[in-house]
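Engineer: Here's the letter readout for the chains.
Protein chains: 6
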Amino acid sequence: MKILVANPNTSTGVTDRLLASGNLVAGPGTELMPMTAPRGVPYIATRAEAAIGSAVLLEMLAEKRGTFDAAIVAAFGDPGLGGARELFDFPVVGMAEAAMLVACTLGRSFSIVSFAKALEPWFAEIVAWHGMSGRCASIRMLDEPFVSINDVQDEKEQKLVDLANRTVSQDGADVVILAGAPLAGLGNRIGDRVPVPLVDGIQAAVAMAEGLVRLNPRKAIAGTYRRPGPKDSTGLSPALAAVIAHKDA
Amino acid sequence: MKILVANPNTSTGVTDRLLASGNLVAGPGTELMPMTAPRGVPYIATRAEAAIGSAVLLEMLAEKRGTFDAAIVAAFGDPGLGGARELFDFPVVGMAEAAMLVACTLGRSFSIVSFAKALEPWFAEIVAWHGMSGRCASIRMLDEPFVSINDVQDEKEQKLVDLANRTVSQDGADVVILAGAPLAGLGNRIGDRVPVPLVDGIQAAVAMAEGLVRLNPRKAIAGTYRRPGPKDSTGLSPALAAVIAHKDA
Amino acid sequence: MKILVANPNTSTGVTDRLLASGNLVAGPGTELMPMTAPRGVPYIATRAEAAIGSAVLLEMLAEKRGTFDAAIVAAFGDPGLGGARELFDFPVVGMAEAAMLVACTLGRSFSIVSFAKALEPWFAEIVAWHGMSGRCASIRMLDEPFVSINDVQDEKEQKLVDLANRTVSQDGADVVILAGAPLAGLGNRIGDRVPVPLVDGIQAAVAMAEGLVRLNPRKAIAGTYRRPGPKDSTGLSPALAAVIAHKDA
Amino acid sequence: MKILVANPNTSTGVTDRLLASGNLVAGPGTELMPMTAPRGVPYIATRAEAAIGSAVLLEMLAEKRGTFDAAIVAAFGDPGLGGARELFDFPVVGMAEAAMLVACTLGRSFSIVSFAKALEPWFAEIVAWHGMSGRCASIRMLDEPFVSINDVQDEKEQKLVDLANRTVSQDGADVVILAGAPLAGLGNRIGDRVPVPLVDGIQAAVAMAEGLVRLNPRKAIAGTYRRPGPKDSTGLSPALAAVIAHKDA
Amino acid sequence: MKILVANPNTSTGVTDRLLASGNLVAGPGTELMPMTAPRGVPYIATRAEAAIGSAVLLEMLAEKRGTFDAAIVAAFGDPGLGGARELFDFPVVGMAEAAMLVACTLGRSFSIVSFAKALEPWFAEIVAWHGMSGRCASIRMLDEPFVSINDVQDEKEQKLVDLANRTVSQDGADVVILAGAPLAGLGNRIGDRVPVPLVDGIQAAVAMAEGLVRLNPRKAIAGTYRRPGPKDSTGLSPALAAVIAHKDA
Amino acid sequence: MKILVANPNTSTGVTDRLLASGNLVAGPGTELMPMTAPRGVPYIATRAEAAIGSAVLLEMLAEKRGTFDAAIVAAFGDPGLGGARELFDFPVVGMAEAAMLVACTLGRSFSIVSFAKALEPWFAEIVAWHGMSGRCASIRMLDEPFVSINDVQDEKEQKLVDLANRTVSQDGADVVILAGAPLAGLGNRIGDRVPVPLVDGIQAAVAMAEGLVRLNPRKAIAGTYRRPGPKDSTGLSPALAAVIAHKDA
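Protein chains in written order, with the working numbering: chain X, 1 to 249; chain E, 1 to 249; chain S, 1 to 249; chain P, 1 to 249; chain Z, 1 to 249; chain D, 1 to 249.
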């Protein structure tokens, strides 16, 4: 099966990290297709950037539709996930969503750990959007500058280990989610230095997406995720406008 | 004072309705400045359209910044409100937000009534985002086609009255919010046909925006609404890119 | 328009503070009418005193009814607010209520800061009564004696600044509410020493009351805030007994 | 042991009902001491009346303090309970509180049934105040006039049975609380006509009060129910003023 | 009346502690009947052991049914309580349940204090199951080895006092529950060293059980606690199999 | 990989249904190993039976440990799941858990549909235990006798379709979970008669278990799911006693 890894950030280095990490767990016969946002910011970190990235993500999925079996929204705050699930008939999974759902099978509560303080409000909002606040022990971020978004996981490795351990000892986390596309793959290196299971967002998303393709759920034609009726628009990307206008057959 | 009424829908007829309704309650010396989205859809009704509208709203505010004292996100689901509050230093109020806050001063719980079933998921999500689900008795929508978004409030007037009354008798609503920019001004015509207070979103937003300008709160330099640091971007509108890059002085 | 500032505490010095602070933001044409409780305690600080003050507040509003356009319950725990909203047909706003609603437009969560530990349980209960616990980051009180209720804001100014800053750095407050009638006006002096917006209860209440007068909502004749039917009573103040008996025309 | 049954309503007929019902379950050696409110309304039914009754209840307990081992706030909405628990060192139990706590031992969720629609908002608020909303399946009230508060339980007996049965079949109630002092004793007559356990507020309160006297908990000198420091007051009943001023030794 | 104290732990020393503590508050005419689990673990401390103990508790009650008026599940996590309430027609009270309900009458929130860290997850789950999480300020456990389960309350007395005091000063507890059957009776010795009321689980359970016997609620024949229909089984204890098969008349 | 399908019901016909359904989605190389409870009831339907089944499930896993890579608790209420996750180091997934987690990726809220009213309380408790109540639109059960637990899905097929459709039209379900081991495989037959995605518990569990094996999370040595220390026991199955005593190496 083919799974689109749609990175709504513009940094291709992050896309590379995502693919490498996802391929560590992908089953035989699964092909991960990388895609990097053509516009936006190098890495989404705030509510404003998430708003921009949500629209870009929809354009990306509209552009590539028909070439894959399932899609992953490959930024931790799942920008555009709800809209994507409305518009399209293939399964779509968010990286935050998948990480939290997998974490639920491994412990009573999870903590979310990442590398930049600016991410916290956005992450907190996506946790709430998914109805997972009751399972979330804490969200902890490093609060210091870093050199490069592509290599932040190497630069801050020990500090992220320490932060993860603090969520266990102080916040009661049973599981730690290493959040943010730039941290993809970190868990495989540091797993033996944290005493609880670690969850890597892209790996969790690959596992969930493979499962969904196999379960093969029908597209809703009722409920809040049925496809909206056709509508005209102005100034949108041609592919997205076509989907919204039902001219995408 | 000058208040920007930023309509993230592309229908100018709706903008006209908003201005007319808002001016019924604006205080002496308040000027409402209309602005209609230059791209997007005629009226936002789904999660996908709200994602698109959120990004457009940020572009609109960036474009006009410096020419007004406060801004209103003039669509009921408040697209882009969080991001706007991060990026800019003027007060920004959402129509859903203002309607719900005013409703809280008039009753134990409010219901939200509008004209199209497609709006319900989006509205439910904005209620939850504002932490107001506990005060919301119900969200009820008409579920039938309408001729024109500009005149839907006239076409469906009696049906909306009936629906509002049902929220009072069946859902226990103490207050009814007539939601959605296309219903602006309707409350003034039907108020005596519903036995509880009605709240009009744009009127509530004008009242709240005027209050905020007078209270003159400082821009946060800490917390989750401090302005994010400067960041490069690709392919955004020049005005918004300048704001994100801190090149907007 | 005329707005009654009904202080359910018996200290006139506090009433003076309230008027002075409220007048800093009142619009042109707004007259704030002061009223101080004729019986009760100098400043309400506990559940027991709030129970007493609630009844006194109703007597106060009954006494002055017909001479103003809206009323403010001018103690932070909003004693008697619910009952007042049932009995009377003018808009009534509580100081805690208004402060929290305004704070909601300025941040994700607010903290409440005040000068006496005894106030915390009462404040926590009014936050919950308004359904605002989910937006409240913390309630922090000084815990030390003070010389005079009328001048406590001067005596403790720096300690209150420090406490406000702690709610930002430790509790994640996006907004700080300076709570309690005796702190009215303090925010205008210390605003530049706290990195997030400060909300002054009486100022927020004046802004909300002005807005409500302009929005002119109808009195409910259904729902939980419709006026109760006439009832006899024993031993109540004549004005309040007349209102309860529907003999107040 | 002596238990004060403090009825904050002014109707002595209701007090008689309370005593008769409570004595059906009081243990050997327990004496129920009746007390009827000297001022207020015949039966408290609204938020405004509850505010008045809360203050009266405090006066009543202050008046009789020292003559009993525990007190019952003998109106279903528990007016004044929080304040009483602060001021006094004897155990105090509310009728709503006791009924809900006992109901929790008998089922997953309870419904509250009573005779007058006006009571619903007050009851809903006391359920929330006690943190019991999650256990409350529904609150259902008759909505029709009655002849006499003293005899309403006889007049409406069959209608209350029908209403109780509806909470079981439609709302999923495992237990039904017959709420309101005027319904005291009704459960003993209709128990075999409702298929789930019935809880009578005064009987539950007597059982809880007896238990508390036997458990003999200490008066808190820390936490939110420690006794407030002494305070002057103006215009309160002499007994209550003495308690507030710590001149009650 | 006769009350079965069914200890689902296999340690008879703990049963002795429970009886001694319960008898301190039992009313005249109340006989506490001790029973110790015939199989299982010396003291239940984990989810796995609670699962085992739940089944054993049902066997114990089935074995002794008909010889008592009410039963107490005499381990703090109330193993088997829900199932017991379905199967049997006598009142059953859990020790955690009773302690929390009594604590609710003594303060806004309670903390739970015990002697072994392993107990925390189980206790947290029973608090949630009872819908009491909103009233629970904290759960604090000692985290160090002890010599004997029978005497742990003596060995750790001062450390438990210190821990209880921390819940008051740091977590805002108004009441402290000394949890776990091995701590039965400790409260009577240390009450004057903690500034808020202490609740002893077995004493609270005895008080609640006595009250329930006196209130004499009917067995539900509707709702979620009606008795399940007869069912065959394989390999269960004869007494429990007979109850499940309705062959226990 | 080998996945143990541990059916805690004693009916082998149900085990056969589970295997057949699970094999429809199992990936290449996955072997499902069936196991049927050696004692207990034919199908668990109540809190009491779930308590018994929880203990039996632990015995089953202890018996077969070492022969598989992951285990599925193959009854919808997930009996024994928490305890199993403590005791063992292989991944364990519950059928209710997996169904709800998968449903979360397909819609805003799910409803649970099954064949016997007795199941509702147990199912409601497992939804709450997993923290999923906020995502659950409703739980609806048929309420009528059936001939055979092995064939109930054939006998009631049309009635279950109708019930599922009611959850969509009346409760707002975006997804329907067909709950209970006896309904395994039904979704594949009726999917085109319900307008939203259907989730089959065993299929969801197989997908989640396969994903977990591939993600290969470490066994926690901290947090609430670390393995408890060794403990003696009396009268348990030898295999389970050995695990509890750490004599299982």
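Watch out, some of these pointers could steer you wrong.
As the list claims (entries may be wrong) - Listed next, with one range per pair, are the computed distances between beta-carbon atoms:
1. X:M33 - E:G235: 41 to 51 Å
2. X:V147 - S:A20: 26 to 36 Å
3. X:E155 - D:N216: 36 to 46 Å
4. X:D143 - S:R193: 14 to 24 Å
5. Z:S169 - E:G235: 54 to 64 Å
6. Z:I221 - E:D154: 50 to 60 Å
7. D:P145 - P:K117: 23 to 33 Å
8. E:G235 - X:A242: 46 to 56 Å
9. E:K2 - X:S148: 40 to 50 Å
Keep in mind that the hints were calculated from the coordinates and are not lab data. The beta-carbon is built from N, C-alpha and C at its ideal position, and this holds for glycine as well.
Engineer: Compare the structure with each hint and give your call.
Structural biologist: Status of the hints after comparison with the structure:
1. Distance hint check: the CB atoms of X:M33 and E:G235 are about 22 Å apart, inconsistent with the given range 41 to 51 Å.
2. Remark: the range hint 26 to 36 Å for X:V147 to S:A20 is contradicted by a beta-carbon distance near 53 Å.
3. The beta-carbon spacing between X:E155 and D:N216, approximately 26 Å, falls outside the hinted interval of 36 to 46 Å.
4. Separated by about 22 Å at the C-beta atoms, X:D143 and S:R193 satisfy the suggested range of 14 to 24 Å.
5. The hint said 54 to 64 Å for the Cβ distance between Z:S169 and E:G235, and at roughly 56 Å that hint holds.
6. Taken as a hint, the range 50 to 60 Å holds for the pair Z:I221 and E:D154, whose Cβ atoms sit roughly 56 Å apart.
7. Against the hinted window of 23 to 33 Å, the Cβ-Cβ separation of D:P145 and P:K117 comes to about 40 Å, which falls outside the hint.
8. Under the hint 46 to 56 Å, the C-beta atoms of E:G235 and X:A242, about 20 Å apart, miss the expected range.
9. Range check, E:K2 to X:S148: Cβ separation about 43 Å, and the 40 to 50 Å hint holds.
When the structure is compared with the earlier hints, violations turn up for hints 1, 2, 3, 7 and 8 and for no others.
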